[in-house]
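Just so we're aligned: 293 in this note's numbering is position 293 of the sequence shown, and the numbers increase by one with no gaps anywhere.
Please note that the accuracy of each hint is not assured.
What the hints assert, rightly or not - Computed cross-link-like contacts, EDC-like style, restricted to lysine to aspartate or glutamate with a CA-CA straight-line distance of at most 20 Å:
| hint | residue 1 | residue 2 |
| --- | --- | --- |
| 1 | K34 | E124 |
| 2 | K34 | D104 |
| 3 | K119 | E97 |
| 4 | K34 | E103 |
| 5 | K119 | D46 |
| 6 | K34 | D75 |
| 7 | K119 | E49 |
| 8 | K119 | D173 |
| 9 | K119 | D78 |
| 10 | K34 | E74 |
| 11 | K34 | E70 |
| 12 | K34 | D132 |
| 13 | K34 | D78 |
To be verified - Using C-beta positions, here's what the derived DEER-type ranges look like:
| hint | residue 1 | residue 2 | range |
| --- | --- | --- | --- |
| 14 | S410 | A286 | 33 to 39 Å |
| 15 | A126 | A427 | 56 to 62 Å |
| 16 | D403 | G186 | 53 to 59 Å |
| 17 | N230 | A286 | 18 to 24 Å |
| 18 | D75 | Q416 | 41 to 47 Å |
Derived from the structure by calculation, the hints contain no laboratory data.
Computed from a predicted model, the values in this text were never measured in an experiment.
For glycine and all other residues, C-beta sits at the position ideal for the given N, C-alpha and C.
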Amino acid sequence: MTLWRLIATLIVSLAIAGCGSDSGFNEETDFLRKEGAVQFVNMMSDSPELTMIHGLQNQTIRFPFTSGGEVRFEDRYDWRLAYRDSNLEEITVAQGENQQILEDRLSTFLFMGSLTTPKIEIVEVALPPFADRTEGAAVIWFAANLTSVSMVDLYLLDSESSLNSTTPIASLDSQGFTNEITVDSGDGIRLIVTVAGSLEVLFESGPISLSDRNVDLFALVDDFGPDSLNHVDVIWSSSANGSIMPDFSQATLIRNSNFASSNELLVTISDTTFSSSSRGDRSDYAETNPGEQTITVSRGEDNLFDDTANLFAGGYHSFLIFDGPDTETPLTPFLVRDEFRSITDRVYFQFINGSDEAIDFYALINGQDTDDTAPVLNDAQALASGITEVPSGDTRFVVQTSDNSETLESVQVVLQEGITYTAVYEARSGLQIFED
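Throw the hints in and build the complete structure from the sequences for me.
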């Protein structure tokens, strides 16, 4: 057989093999995998930061926060919820096997109960494609993990409605969740929570917007604000990370601390005044107005600072004053949120660098040293860290220059559960630790 006859025979053979009813590979349909989503909500009020190991993915969630929605292929997943104790040993809180992720469904893990008696609820919520959702409507649902009240009523009010003329959209047990509820989307809506069967208000959101075709969770948890025994907090979560909402039914508190060299300062926050504020003064909390407010600091006829800031309704705040970098900016103030909660194996902590020095800040435990431990804050200059959690027990706080050539301060402290610690560094007095 000649070479050309051989090639012709091969071509005919290949053509025959390609005949028949098989359509072959379709890139639009073959090898596609169905997708769902998963979300985690930390409603355990005594818990430290928790880590959820879901399949091969890890996610950390503090109370009272949620993770964002994470895409998962339709499949079954093993999961485990854990945290690290004050010695950084891993402790398993709860675990499970073969959790089913389904197409166009959001599996929401609700971390309920307490750290010692956990109750993990996995709630399946429909999450159809956006185009298939009802225009002009939003889907909401509620969950609760409460210790101060056994049952609540839930209200959605528009700007024209009053509480006593409105019927609740749902009632909810202290450790339960509702079905999905379809409501009108729009602006100017208020969420109000009351003790079941009464008009005793536990929470009021102020005006909020329910976005068209959104699916939102409102999770009720224990409150740690100024009047915590008579209120609840509400975590608002959609597809993004969520945390608690402002509570306009509860007092908003603020205090003033003067670390500047200036004396006899007059500090006005909204309509709340702290007079004759001298270096070293730290006032008690006083009630003020929530929302966007004006803050001024003056001495005699001189206006030293003037700005606006948003005060979180139903929360604690501290206004701290430091010397500014030059005569054009005589003061450097900070407005920070304060938080108070007893956390298993952890304490609330925040650090404020009131100086214009760039520093590294360390929190060292169990014999750690700055040479082998990353700083909590690196090259920090004139900033407030915000509230974070650190292990309880013996801790050494260290302040170094940003090039680590010099240790500026080293303070040993025994951190106790239930106490909030604020570390303040400024050039005149060094590192000071305040307990609340």
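Now the hints, each set against the structure:
Restraint check for K34 and E124: the C-alpha separation of about 16 Å stays at or below 20 Å, so the hint holds. Between the alpha carbons of K34 and D104 the distance comes to roughly 8 Å, so the proposed pair stays at or under 20 Å and holds. As the CA atoms of K119 and E97 are separated by approximately 16 Å, the hinted pair is consistent with the 20 Å bound. A distance of roughly 6 Å separates the Cα atoms of K34 and E103; the hinted pair therefore holds under the 20 Å criterion.
The suggested pairing of K119 with D46 holds, with an alpha-carbon distance near 13 Å, which does not exceed 20 Å. Under the criterion of a C-alpha separation no larger than 20 Å, the hint pairing K34 with D75 is consistent with the structure, at around 9 Å. For the hint pairing K119 with E49, the CA-to-CA distance comes to about 16 Å; that is within 20 Å, so the pair holds. Between the alpha carbons of K119 and D173 the distance comes to roughly 14 Å, so the proposed pair stays at or under 20 Å and holds.
A threshold of 20 Å between alpha carbons decides the hint, and for K119 with D78 the separation of about 17 Å falls inside it, so the pair holds. For a cut-off of 20 Å, the pair hint linking K34 to E74 stands: about 5 Å separates their Cα positions. Restraint check for K34 and E70: the C-alpha separation of about 14 Å stays at or below 20 Å, so the hint holds. A hinted pair counts as satisfied when its Cα atoms are at most 20 Å apart, and K34 with D132 qualifies at roughly 17 Å.
Between the alpha carbons of K34 and D78 the distance comes to roughly 18 Å, so the proposed pair stays at or under 20 Å and holds. With their beta carbons about 35 Å apart, S410 and A286 fall inside the hinted range of 33 to 39 Å. Roughly 58 Å separates the CB atoms of A126 and A427, a value that falls within the hinted 56 to 62 Å. Between D403 and G186 the C-beta distance comes to about 55 Å, which sits within the given range of 53 to 59 Å.
For the hinted restraint 18 to 24 Å between N230 and A286, the CB-CB distance of approximately 20 Å keeps it satisfied. With their beta carbons about 45 Å apart, D75 and Q416 fall inside the hinted range of 41 to 47 Å.
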